[in-house]
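Asker: Each chain is listed here by its residues.
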Amino acid sequence: MPTKEMICISCPMGCMLSVDYDETGVLKVTGNQCKRGEIYASKEVINPRRVVTSIVPVIGGVEDMVSVKTATDIPKDLMKDCILALKNIKVQAPVEIGQVILENVCGTNVCVIATKRVEKKL
Amino acid sequence: MINKDIVIIGGGPAGLAAAIGAYEAGNKDIVILERDNQLGGILNQCIHPGFGLHTFKEELTGPEYASRYVKKINDLGIESKLETMVIDIAPNLIVSAINETEGVIQYQAKAVILAMGCRERPRGALNIPGTRPAGIYSAGTAQRYVNIEGFMPGKSVVILGSGDIGLIMARRLTLEGANVKTVVEIMPYSGGLKRNIVQCLDDFNIPLKLSHTVTKIHGKTRVTGVTIARVDDDKKPIPGTEEFIECDTLLLSVGLIPENELSRKVGVKINPRTQGPIVTESLETSIKGIFAAGNVLHVHDLVDYVSGEAYLAGKNSVKYIDGLLNENHMINIVTQDGVRYSVPSSINPKNAEDLSLIRFRSTDVYKDAYVSVFLDQERIIHSKKKIITPGEMEQVTILKKWLQDRPINSIFIKIEKE
Amino acid sequence: MFDVVIIGAGVIGSSVARALSKYQLKVLVLEKHNDVCEETSKANSGIVHSGYDAKTGTLKAKFNLLGNRMMADFCKKYRVPYRNNGSLVLAFEDEDIQKLDELKKQGMKNGVERLRILSKDEVHEMEPNLNDSVVGALYAPTGGIVDPFELTIAQAEIANMNGVEFRFNSLVKSISKSKDHFLINFNDEIIESKTVINCAGVFSDEINNMVSEYKLHITPRKGEYCLFDKEVGHYVDKTIFQLPTAYGKGVLVTPTAENNLLIGPTAYDVIDKRDSSTSPEGLKEVLAKASQSIKKVPTGFIITAFSGLRATESKGDFVIGEAKDVPGFFNAAGIESPGLTAAPAIGDYLSSVVAQKLNADIKSNYLDNREEIIRFEPLSIEDKASLIKKNHEFGKIICRCEMVTLAEIKDAIHRPLGATTIDGVKRRTRAGAGRCQGGFCGPRVLEILSKELNKDPREITKFDQQAILLVGLDKETL
Chain A
1 MPTKEMICIS CPMGCMLSVD YDETGVLKVT GNQCKRGEIY ASKEVINPRR VVTSIVPVIG
61 GVEDMVSVKT ATDIPKDLMK DCILALKNIK VQAPVEIGQV ILENVCGTNV CVIATKRVEK
121 KL
Chain B
1 MINKDIVIIG GGPAGLAAAI GAYEAGNKDI VILERDNQLG GILNQCIHPG FGLHTFKEEL
61 TGPEYASRYV KKINDLGIES KLETMVIDIA PNLIVSAINE TEGVIQYQAK AVILAMGCRE
121 RPRGALNIPG TRPAGIYSAG TAQRYVNIEG FMPGKSVVIL GSGDIGLIMA RRLTLEGANV
181 KTVVEIMPYS GGLKRNIVQC LDDFNIPLKL SHTVTKIHGK TRVTGVTIAR VDDDKKPIPG
241 TEEFIECDTL LLSVGLIPEN ELSRKVGVKI NPRTQGPIVT ESLETSIKGI FAAGNVLHVH
301 DLVDYVSGEA YLAGKNSVKY IDGLLNENHM INIVTQDGVR YSVPSSINPK NAEDLSLIRF
361 RSTDVYKDAY VSVFLDQERI IHSKKKIITP GEMEQVTILK KWLQDRPINS IFIKIEKE
Chain C
1 MFDVVIIGAG VIGSSVARAL SKYQLKVLVL EKHNDVCEET SKANSGIVHS GYDAKTGTLK
61 AKFNLLGNRM MADFCKKYRV PYRNNGSLVL AFEDEDIQKL DELKKQGMKN GVERLRILSK
121 DEVHEMEPNL NDSVVGALYA PTGGIVDPFE LTIAQAEIAN MNGVEFRFNS LVKSISKSKD
181 HFLINFNDEI IESKTVINCA GVFSDEINNM VSEYKLHITP RKGEYCLFDK EVGHYVDKTI
241 FQLPTAYGKG VLVTPTAENN LLIGPTAYDV IDKRDSSTSP EGLKEVLAKA SQSIKKVPTG
301 FIITAFSGLR ATESKGDFVI GEAKDVPGFF NAAGIESPGL TAAPAIGDYL SSVVAQKLNA
361 DIKSNYLDNR EEIIRFEPLS IEDKASLIKK NHEFGKIICR CEMVTLAEIK DAIHRPLGAT
421 TIDGVKRRTR AGAGRCQGGF CGPRVLEILS KELNKDPREI TKFDQQAILL VGLDKETL
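Residue numbers (the numbering used here), protein chains in the order written: chain A, 1 to 122; chain B, 1 to 418; chain C, 1 to 478.
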């Protein structure tokens with residue numbers, strides 16, 4: 001039964017996890033200080049996922065750019081593709097926090113949403 | 001001259017939470033003075049996730065975290081002045097600020113809360129030899145270019161220092177199209193959070209070279225490369241280990257310094273270890289009525305802790321104004337044996353909360369060691385830690401009742417092997 | 001056809017240009033960098049030497065004294081930061097007192113006034129932070145400190161306001177003499193001029209050797225420095241020199257005219273005239289030597305290190321005047337220390353010689369001053385308030401370390417020979433010269449430059465044309 005040592009990145013605590021797993025999935029997680037460690041370990045062993053953040057240009061806003069993120073984590077392998085998908089996206093001001101910037105990024109069924117409010121330039 | 005009960009200097013996470021703390025403690029006569037054109041401070045350029053897990057029990061980006069507080073400030077109707085720079089605090093709590101529309105504004109405050117945050121250590125502090133070309137940025141400056149303005153400061157990048165901003169920028173620059181070649185750290189351990197090593201370096205196969213430093217910068221107009229070398233135990237480069245790395249950019253992530261120009265000018269006593277004011281459990285500085293919280297006090301790892309600390313400073317400033325802060329009977333907190341500093345530096349049991357947090361950093365990396373707290377001779381906390389590193393802030397909780405049972409002169413915090 | 005072409009816009013070229021601009025002459029300054037004050041003039045000690053140092057009878061001795069005597073009024077008039085703080089040469093052994101006395105005698109012969117040997121007690125009373133091992137000192141009350149950037153920029157501005165043309169990014173490739181004028185080739189363009197003045201610093205031998213058979217040979221001698229935070233700017237009050245010993249020339253410790261603390265320089269001959277890098281050995285040496293002079297070197301307050309090259313001519317003296325074999329070709333070559341002190345006097349002297357040669361008359365409309373220049377930081381609260389009322393852009397602080405306002409930065413950009421680069425703004429306003437070294441204001445200054453000069457942010461450089469700061473847009477290379 002393989003064991004993997006990993007650092008939980010769910011929060012800044014950075015717990016050192018010891019994960020026992022086999023082909024059926026994660027069997028046992030130790031070292032975590034909360035439930036999130038277990039969830040993280042299960043995902044990280046089978047299907048590692050990350051939240052991706054970036055910025056996109058705003059047209060007619062009081063600021064030129066708006067920060068965005070994937071609404072939930074997406075497969076780690078798709079991080080670069082996600083940024084690439086944002087390459088030619090522009091958004092019209094005003095922008096609200098949570099506003100969808102791009103739907104179903106890279107076929108993940110996850111939206112990219114704005115994380116900042118940008119008002120319209122008067 | 002405007003009379004104002006509470007003047008808060010800085011509208012970043014500390015200033016915002018301090019304002020809310022004061023408001024909720026019952027004093028609504030507050031103004032926040034912020035030099036930027038928006039509230040939120042440095043959070044606005046920290047577009048990565050990882051904020052708010054303690055405060056909001058969810059993972060937010062910097063701008064989202066800031067917006068929660070800004071919304072609350074607006075909902076409560078707390079006054080803030082943007083693009084307003086405080087240029088002086090007088091010991092009698094007259095705060096002078098300037099802005100474009102009103103010129104010089106002066107407040108006679110009853111309490112002042114310092115919440116100016118911190119700034120990055122520049123290259124000069126490191127004295128790296130070589131040329132002085134374009135292409136050397138502090139990590140935060142690069143962060144502003146990449147995350148706020150949408151410009152790339154370089155194509156191939158070496159990062160000196162493994163502070164969190166440097167690690168975060170390694171990922172950001174990589175995702176936006178730069179080639180981050182390596183992160184070089186002079187210490188044998190990283191200065192940043194472990195999770196950032198994993199998700200910012202390991203995820204992108206960016207090597208972290210511990211016990212290495214940049215010994216020379218090359219390039220006459222733009223950086224053309226850096227020489228790095230391994231260092232010995234005294235952090236001196238070891239001859240023969242030099243290696244040239246071609247790059248057009250050197251990012252510096254070599255530490256943050258609390259920004260205390262104003263505090264020093266008014267005469268607030270500064271702790272040389274933290275470069276921040278020496279404060280009591282109420283976060284009051286050596287000058288009565290001047291409080292401090294957040295990164296101006298000591299550099300935090302987590303904004304959640306900044307918010308909590310600043311909330312308390314706000315609340316205590318109201319207590320002070322109402323004459324409810326007791327001024328006698330201070331118990332000194334003495335740090336020794338591997339503990340570099342603590343915040344606060346003293347506790348007055350009469351003013352303390354039921355649970356008082358003492359935050360500290362270690363001087364070195366300790367594995368399987370104990371954090372111990374002594375009330376004079378008596379060891380009252382002895383808690384085992386798998387790892388204690390200077391890069392991660394530690395805390396202990398002191399119960400008020402421990403301090404009330406009997407007279408105590410000093411509280412000692414130390415790291416013990418067993 | 002120009003009457004005069006000046007090669008080099010350092011402090012010497014700018015001084016000559018300023019002095020010539022009062023004559024009815026068509027004057028052009030060619031500068032290979034894209035701003036004035038880009039080489040030796042920007043990286044030196046910023047000292048106004050009193051003049052005991054140079055051997056009696058040399059041009060160095062002569063122009064040092066002339067420059068020293070005119071500096072106070074000159075700086076006041078043209079608003080160049082200057083302070084007559086006086087200087088000390090320290091002795092560390094009792095037998096060195098005699099050497100101080102010899103230095104004093106040479107100074108008196110050179111015409112330096114009020115030189116005095118101080119006893120151990122006197123010197124420690126005057127400078128409490130000196131090292132205990134100091135046994136005495138030569139005190140020169142006429143010594144001073146000056147902002148070398150402003151001394152250069154002020155004079156270039158005046159020259160420009162009075163019609164002197166400056167062409168930047170203009171590297172002179174060759175000079176030839178036709179019958180009665182010179183052909184100067186730069187940037188694949190050839191211009192004609194009746195006279196040429198060579199103010200090319202470490203390259204002044206190469207310029208001279210293009211036309212004269214009396215060859216010059218300049219060795220660039222590197223000097224490395226450490227600059228400290230204003231917090232320790234008053235650690236010493238006087239400029240503290242060390243008596244040269246068998247181990248070398250020693251380093252100085254001095255406040256600067258802008259209230260920083262400066263220590264240095266080293267003195268090593270180098271080959272590359274463009275090498276302004278610092279070295280671990282050099283910085284170590286500077287710190288070690290400075291620690292002999294003062295109690296404690298406040299290393300925690302270093303904000304930057306830099307180095308500059310002295311133009312050391314093989315015969316050891318300034319070369320000033322018309323080349324013997326090339327009428328109309330004038331040198332201000334081999335201008336090393338005390339060149340900064342001497343600069344205004346060298347400018348006055350050379351301009352009068354050249355004007356005489358060209359039979360030039362004085363202009364009736366010569367503007368003998370700079371346009372108004374306002375520094376916000378030192379003003380009282382009341383003056384600050386009224387200034388913001390007049391121009392609200394004084395209410396916007398861009399550089400928080402040095403408290404430089406938007407109004408000052410815009411002025412620096414739009415003045416005669418205004419700043420076009422980040423370093424140009426820094427040298428004119430001090431934005432970015434403080435303890436955070438532009439970490440905070442850098443992006444903001446870049447934005448202001450881009451807006452005011454109507455340029456894309458990616459075209460704004462740190463200095464020159466190649467020192468670009470932003471290489472592209474996010475995601476551009478994906």
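For the record, the hints were derived by calculation from the structure and aren't laboratory data. It is possible that some hints are incorrect.
Unchecked claim - In the DSS-like style, the derived pairs of lysine-lysine whose C-alpha atoms are separated by at most 25 Å in a straight line are: (1) LYS249(C) / LYS173(C); (2) LYS350(B) / LYS385(B); (3) LYS386(B) / LYS194(B); (4) LYS284(C) / LYS220(B); (5) LYS284(C) / LYS296(C); (6) LYS414(B) / LYS367(B); (7) LYS284(C) / LYS216(B); (8) LYS235(B) / LYS296(C); (9) LYS55(C) / LYS32(C); (10) LYS475(C) / LYS76(A); (11) LYS220(B) / LYS32(C); (12) LYS220(B) / LYS215(C); (13) LYS181(B) / LYS235(B); (14) LYS269(B) / LYS296(C); (15) LYS209(B) / LYS4(A); (16) LYS385(B) / LYS400(B); (17) LYS121(A) / LYS396(C); (18) LYS235(B) / LYS194(B); (19) LYS32(C) / LYS215(C); (20) LYS273(C) / LYS220(B); (21) LYS235(B) / LYS155(B); (22) LYS99(C) / LYS4(B); (23) LYS173(C) / LYS76(C); (24) LYS120(A) / LYS265(B); (25) LYS28(A) / LYS401(B); (26) LYS120(A) / LYS76(C); (27) LYS455(C) / LYS121(A); (28) LYS194(B) / LYS43(A); (29) LYS4(B) / LYS249(C); (30) LYS71(B) / LYS81(B); (31) LYS28(A) / LYS384(B); (32) LYS76(A) / LYS155(B).
Said to hold, decoys possible - In silico negatives: residues of chain A with every beta carbon more than 12 Å from chain C: (33) SER54; (34) GLY61; (35) ILE89.
As the list claims (entries may be wrong) - Here chain A is said to cover these stretches of chain B; the calculated rule only asks that three of the stretch's residues, wherever they fall, bring their Cβ under 8 Å from a Cβ of chain A: (36) 44-55; (37) 197-211.
No residue lacks a Cβ here, since even glycine has one placed at the ideal position from N, Cα and C.
Asker: Decide, hint by hint, whether the structure agrees.
Answerer: Hint-by-hint comparison with the structure:
1. LYS249(C) / LYS173(C): violated (36 Å)
2. LYS350(B) / LYS385(B): violated (31 Å)
3. LYS386(B) / LYS194(B): Holds - the C-alpha atoms of LYS194(B) and LYS386(B) are around 14 Å apart, at most 25 Å.
4. LYS284(C) / LYS220(B): holds (22 Å)
5. LYS284(C) / LYS296(C): OK: LYS284(C) and LYS296(C) at ~15 Å, within 25 Å.
6. LYS414(B) / LYS367(B): With Cα atoms ~14 Å apart, LYS414(B) and LYS367(B) stay inside 25 Å; holds.
7. LYS284(C) / LYS216(B): holds (14 Å)
8. LYS235(B) / LYS296(C): The hint holds at about 22 Å.
9. LYS55(C) / LYS32(C): violated (33 Å)
10. LYS475(C) / LYS76(A): holds (19 Å)
11. LYS220(B) / LYS32(C): Holds, at about 15 Å.
12. LYS220(B) / LYS215(C): Distance of about 29 Å is beyond 25 Å: violated.
13. LYS181(B) / LYS235(B): At roughly 22 Å apart (the allowed maximum being 25 Å), LYS235(B) and LYS181(B) satisfy the hint.
14. LYS269(B) / LYS296(C): holds (22 Å)
15. LYS209(B) / LYS4(A): holds (23 Å)
16. LYS385(B) / LYS400(B): holds (24 Å)
17. LYS121(A) / LYS396(C): Holds, because 21 Å separates the two Cα atoms, which is no more than 25 Å.
18. LYS235(B) / LYS194(B): OK: LYS235(B) and LYS194(B) at ~22 Å, within 25 Å.
19. LYS32(C) / LYS215(C): Holds, at roughly 22 Å.
20. LYS273(C) / LYS220(B): holds (12 Å)
21. LYS235(B) / LYS155(B): violated (29 Å)
22. LYS99(C) / LYS4(B): With a Cα-Cα distance of about 65 Å, the restraint between LYS99(C) and LYS4(B) is violated, given a limit of 25 Å.
23. LYS173(C) / LYS76(C): Violated, because 38 Å separates the two Cα atoms, which is more than 25 Å.
24. LYS120(A) / LYS265(B): At roughly 40 Å apart (the allowed maximum being 25 Å), LYS265(B) and LYS120(A) break the hint.
25. LYS28(A) / LYS401(B): violated (41 Å)
26. LYS120(A) / LYS76(C): Between LYS120(A) and LYS76(C) the Cα gap is close to 50 Å, so the pair fails against 25 Å, i.e. violated.
27. LYS455(C) / LYS121(A): holds (22 Å)
28. LYS194(B) / LYS43(A): holds (18 Å)
29. LYS4(B) / LYS249(C): Roughly 59 Å separates the two Cα atoms, so the pair is violated.
30. LYS71(B) / LYS81(B): holds (15 Å)
31. LYS28(A) / LYS384(B): holds (24 Å)
32. LYS76(A) / LYS155(B): It holds: about 23 Å lies between the C-alpha atoms, which stays within 25 Å.
33. SER54: violated (8 Å)
34. GLY61: holds (16 Å)
35. ILE89: violated (10 Å)
36. 44-55: As far as the segment 44-55 of chain B goes, the hint holds, because 6 residues have Cβ atoms under 8 Å from chain A.
37. 197-211: holds (count 4)
Violation of the numbered hints given earlier is confined to hints 1, 2, 9, 12, 21, 22, 23, 24, 25, 26, 29, 33, 35; the remaining hints are satisfied by the structure.
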